[in-house]
Amino acid sequence: MVFAGLDIGSQSTCVTIINEKEIMASVLMPSSVNPKKIGEEALNLALGKANLSRSDVQYFIATGYGRYQAEANEKISEITCQARGVQWFIPEARMVLDIGGQDSKIILLGKNGRVIDFMMNDKCAAGTGRFLELMTQVLDIQIEDYGTLVNQSREFIELSNTCAIFAESELISLIAQGKKKEDLARAVCRSVVKRILTLAGKMIITRPLVFTGGVAKNQGIITILKEELAFSPLIPPDPLITAALGAAYLAREKSLPEP
Amino acid sequence: MNLKASTALSLARFFANRKSLFHLLAIYEWWLKRKFPEPTLPQTSYQLTIKTIRELYSHSRPVIWSSLFFPCEFIHAVGAIPFYPEITIGLVAALGFSNLPLEFAEKNWYSQDLCSYHRAGVGMSLFKLFPRPDFLLATTSICRGTAGFFQSLANIWKIPCYLIDVPYQMTPEAINYVQNQLSSITTLISSQINCQLDWEETFSLSNATVKIIHQIETLRKQKSFAIQPPTKNLDYLPYYFQFLGSPASKFFFEKFLEHLQKLKNPSTNSHRLIWLHLKPFYPNQLTALLNEYHFDVVYDEFASVFWEPLEPEKPFESLAKKIISSQNLTVPEKRILRILNWCEQFKANGVIQFNQWGCRQSQGMNFLLKNTLQQKGYPVLLLDGDHIDKKFYSEEQLRTRIEAFHEILEG
Chain Z
17 MVFAGLDIGS QSTCVTIINE KEIMASVLMP SSVNPKKIGE EALNLALGKA NLSRSDVQYF
77 IATGYGRYQA EANEKISEIT CQARGVQWFI PEARMVLDIG GQDSKIILLG KNGRVIDFMM
137 NDKCAAGTGR FLELMTQVLD IQIEDYGTLV NQSREFIELS NTCAIFAESE LISLIAQGKK
197 KEDLARAVCR SVVKRILTLA GKMIITRPLV FTGGVAKNQG IITILKEELA FSPLIPPDPL
257 ITAALGAAYL AREKSLPEP
Chain L
131 MNLKASTALS LARFFANRKS LFHLLAIYEW WLKRKFPEPT LPQTSYQLTI KTIRELYSHS
191 RPVIWSSLFF PCEFIHAVGA IPFYPEITIG LVAALGFSNL PLEFAEKNWY SQDLCSYHRA
251 GVGMSLFKLF PRPDFLLATT SICRGTAGFF QSLANIWKIP CYLIDVPYQM TPEAINYVQN
311 QLSSITTLIS SQINCQLDWE ETFSLSNATV KIIHQIETLR KQKSFAIQPP TKNLDYLPYY
371 FQFLGSPASK FFFEKFLEHL QKLKNPSTNS HRLIWLHLKP FYPNQLTALL NEYHFDVVYD
431 EFASVFWEPL EPEKPFESLA KKIISSQNLT VPEKRILRIL NWCEQFKANG VIQFNQWGCR
491 QSQGMNFLLK NTLQQKGYPV LLLDGDHIDK KFYSEEQLRT RIEAFHEILE G
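These protein sequences, in sequence, are chains Z and L. Just so you know, we're using the numbering used here here: the first sequence kicks off at 17 and counts up by one. Just so you know, we're using the numbering used here here: the second sequence kicks off at 131 and counts up by one.
Rather than coming from a laboratory, the hints here were simulated on the basis of the structure. Just so we're clear, the structure is a prediction, and the values are computed from it rather than from any experiment. Beta carbons are placed, not taken as given, at the ideal position from N, Cα and C, and that holds for glycine. Careful: at least some of the hints might be erroneous.
Said to hold, decoys possible - Here are the in silico distance ranges between beta carbons for each label pair:
1. Z:Lys53 with L:His344: 37 to 43 Å
2. L:Arg490 with Z:Pro224: 32 to 38 Å
3. L:Leu349 with Z:Thr152: 41 to 47 Å
4. L:Glu168 with Z:Val49: 50 to 56 Å
5. Z:Lys196 with L:Phe436: 57 to 63 Å
6. L:Leu349 with Z:Asn128: 37 to 43 Å
7. L:His344 with Z:Ser271: 56 to 62 Å
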């Protein structure tokens, strides 16, 4: 039997297909202005990758901000799906720190990946992947460069504004003062981490803590996060697919009789 | 401001400034009574609203504006018409009209960081669209911003504001302190208007109404009962505050009780909520989302009776106690204990608080509130937003949070 999960996020759309035991296929593509179309495209691609057709899918769950556009059997919030996807990779996880393109979340987990509590920041771009992207334009770097630059940094600079727009103008004035690119890259990463840890601080930071979302691939953020937490967060093999995987996992739970 | 809004505003000001025009509403009221001899609950509420608009704008008696926790029994007893700007702003928002006063207040240096109830109240006053007050009465209880708000109103309307300083604890000294202030205000008001203080009738009406409210609460404790749609009870706040102590409030709650008793097993929802603070009053999807995710609101913090029955033989002492009791909503240990009691009594599954932007009363104790309730097994959802200013509203963000909270409760 086959189960599918679709996550339509602000930056990327992901489909994961699983059977009773393992991940059969996963597809990740950029989101578009037509969430329904991109969701269908991603599903078809994933099915093709696994040599399956739509009729093979026993149950299909959609999540993410575009979930209500998808023609799925059920729609479930990204909070629950993210939690369940993390549980697939790291069953002992107790807290999830997810930084996506448009929002960031902290999820406190109980046993079996059950959500006990959550906090979200989706009111402003600061503390999200979008903020890091915007700052690459100002610093004239690629998103992958953050990791190397953070390690090269020697001078401590603190951005006083974590609002994306004001931070941009602050960064420009720091460039005009002759500050080094690597020190500014570190300041940008630090401001994102500070923001998410302030959100996490509203709950008790609990280990094992798992870091997911597109930003979990950013080495600069990972470095600063380790420094600030004073321990290493766990990162799933593919931190971008966890919500879609969680949706597929829930689809499987809903289809199969309880043991 | 565009031409259309400007014309509408000019027309509204033209009508608002002509008292005699509002006397004509009496004909409409007479017609409504003839057409609906047995009015439904919404019709009852509508007729009372029309009557209040006529009385306030035709200025048939002195108009006293007061802050939310100034007891309206005082105003009814002196024979004046009470007007609660913080409540009326909810109505302005529900009519989709709050942006204009909010923007106007901002243009006049009232920061966006201030509570939108107060900002919009200032805006409506600057536009002179609210009925002209004869007196302004406020307390410092619950919300410290109220004092500044009423002082701004005093400046706009060029009348003095009488502010009651309210201690946090109910001690004999505190009661004495507040009742002395009430007594002084009464002397000041009596010297300016010819009033016959009628504590007996006002207190008797207030106490009788509270008894009906308790009967409604008893009904709400039953699992098969619910006020629909969820959060609807918060639309009836004028009857819990502005009209309490008048025949209108008693009549409304009699109708409300009758309406609820007629309903047979109206609740099909599965999760019972205690609702803290207020809700967004502008057109929004909150109610639809609560229904979609099977939530009932079984008790509302701001519709709670927090005072003891009033005693006509000790009017100032009674009212002083009522005013000090309102601090139960702002002293963390008292507020949280009350919420826990409601959770048990109303068999709630969870608690939602819709945080008002800039509100210290509710948000100042969020950590303590959430932790204490969660430790007792009641999940808490804190929604961030604004009750009056739609700029802070996003349906998708609201949906994700309510959906995830529902999933938590579903386990």
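Okay, the hints, checked on the actual structure:
1. For the pair Lys53 (chain Z) and His344 (chain L), the beta carbons lie near 56 Å from each other, so the given range of 37 to 43 Å is not met.
2. In this structure the supplied range 32 to 38 Å holds for Arg490 (chain L) paired with Pro224 (chain Z), their Cβ-Cβ distance being about 37 Å.
3. Against the hinted window of 41 to 47 Å, the Cβ-Cβ separation of Leu349 (chain L) and Thr152 (chain Z) comes to about 60 Å, which falls outside the hint.
4. Between Glu168 (chain L) and Val49 (chain Z), the C-beta spacing of about 54 Å keeps the proposed range 50 to 56 Å intact.
5. Roughly 60 Å separates the CB atoms of Lys196 (chain Z) and Phe436 (chain L), a value that falls within the hinted 57 to 63 Å.
6. Hint check: Leu349 (chain L) to Asn128 (chain Z), Cβ distance near 38 Å, so the stated range 37 to 43 Å holds.
7. Checked against the hint of 56 to 62 Å, the pair His344 (chain L) and Ser271 (chain Z) fails, with Cβ atoms roughly 49 Å apart.
Consistency note: the structure conflicts with the earlier hints numbered 1, 3, 7.
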